[in-house]
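Taken in order, these protein sequences are the chains called A and B.
Numbering-wise (the numbering used here), the first sequence opens with residue 2 and increments by one.
Numbering-wise (the numbering used here), the second sequence opens with residue 269 and increments by one.
The hints are all genuine.
Label pairs and their computed distance ranges (CB to CB):
hint	chain 1	residue 1	chain 2	residue 2	range
1	A	A119	B	R277	43 to 53 angstroms
2	A	I51	B	R482	28 to 38 angstroms
3	A	L16	B	P426	18 to 28 angstroms
4	A	I96	B	P487	39 to 49 angstroms
5	A	I96	B	R500	48 to 58 angstroms
On the chain A side, residues computed to face chain B include the following (Cβ under 10 angstroms):
hint	residue
6	A5
7	P6
8	V55
9	F56
10	G58
11	T60
12	A66
13	V68
14	S81
Bear in mind the hints are in silico, worked out from the structure with no lab data behind them.
Ideal Cβ placement from N, Cα and C applies to all residues, glycine included.
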Amino acid sequence: MTYAPFAAVAAVIGLLAGLFGEGGWFRVWWKVILGGLITGLVAATISAPISAYVFGGVTGSGMDAVVAIFRGMGLGILPSSFAQGVSSDPLDKAITFLVVWLILKALPQRFVARFPRAETVR
Amino acid sequence: MALSLYLPRPSGLHRLHPLTKLWLALFLLICGLALPGVLGAYGAFVVLVVPLALWGAVLRPLLVAAARVVLPFAVSLVLVQGLFWPRGTPLFGWGPLSFKLEGLLFAVRSTGRILMVVSSFLLFALTTRPDALALTLAQRGVPKSLTYILVATLQIIPRFQARAAAILAAQQSRGMEIHGNLRRRLRALLPLIVPLVLGSLVDIEERAIALESRGFSRPGPKTSLLVLPDTRGQALARRLLVAAGLALILMRLWLS
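Using the sequences and the hints, build the whole thing.
Written as structure tokens, this is what we have:
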């Protein structure tokens with residue numbers, strides 16, 4: 002519920018994941034990682050202003066050590082928040098996308114075929 | 269395992285139309301973000317949120333839930349912005365590390381904002397039935413697939429937790445060890461995740477069938493057993509809330 006202000010970010014991540022799936026990017030592993038990295042960059046860009054304005058630039062988690070480093074280097078709150086996002090979100094989303102890809106591979110073909118547009122991911 | 273934060277109480281706040289409460293929560297959110305000064309958001313919390321929560325008989329659960337969310341942010345803010353505020357006025361500290369006045373003031377102000385963001389949402393969620401919210405949105409012409417996504421998202425984490433707890437209990441009853449050192453717990457992860465993911469995917473299909481059997485995609489108006497009483501006073505209150513919220517935003521833009 003704290004993350005309610007980030008709803009727009011989640012929506013964009015979902016949209017991008019859907020577009021990458023539609024474009025057949027979920028068929029090959031390296032395109033999956035690339036899609037995750039791009040999604041992470043976009044997510045960091047949209048979430049930084051929200052994080053800086055609503056949450057004072059912190060996330061309430063261990064990643065705040067990264068924010069502290071950038072603040073200590075003299076960066077402003079918005080740039081620090083963006084730098085924290087860029088340093089963690091692409092990796093985070095790439096791993097998430099890869100896990101999704103692994104699940105898709107592990108699912109029985111018969112089961113996947115029951116979903117609409119299953120052919121775009123297999 | 270509860271599927272929502274909703275707490276049924278015989279209060280006037282609970283009986284308000286969901287739309288009224290939605291606008292109220294948005295207005296409180298704007299108050300938290302737009303009120304000036306270090307203590308502006310705290311003022312809104314004491315003057316608006318606390319009396320409303322008392323009226324709704326949900327003050328205690330609201331405070332407990334809000335504290336659980338806000339405290340990690342408060343700690344982070346004091347440490348990150350308090351210690352690492354560039355070129356701030358040092359107040360006290362040890363060696364090269366010192367708390368800066370500007371950073372601490374910023375941390376206090378930001379904590380107030382987060383408190384208002386969280387408590388405005390909590391006030392709405394604690395006093396509004398999820399199905400009443402879905403019905404309201406549908407009645408106001410929000411596409412039903414969008415309404416479904418919204419309500420399903422709110423329920424997905426409690427559903428996942430309930431399913432995970434059931435799987436863990438089942439695996440434990442078959443003799444799987446889930447406590448102990450890191451390696452043992454990692455080994456317990458796979459027998460949890462596989463049924464969790466597969467089960468949730470099967471769940472999607474079951475939900476789709478359940479929704480279709482209730483005429484989800486059937487066009488045209490539908491009758492609902494749930495009746496949401498609305499009054500002219502509340503309609504007026506909603507307009508006033510919208511106007512006051514817009515005024516606050518304009519004031520904020522004009523001030524800065």
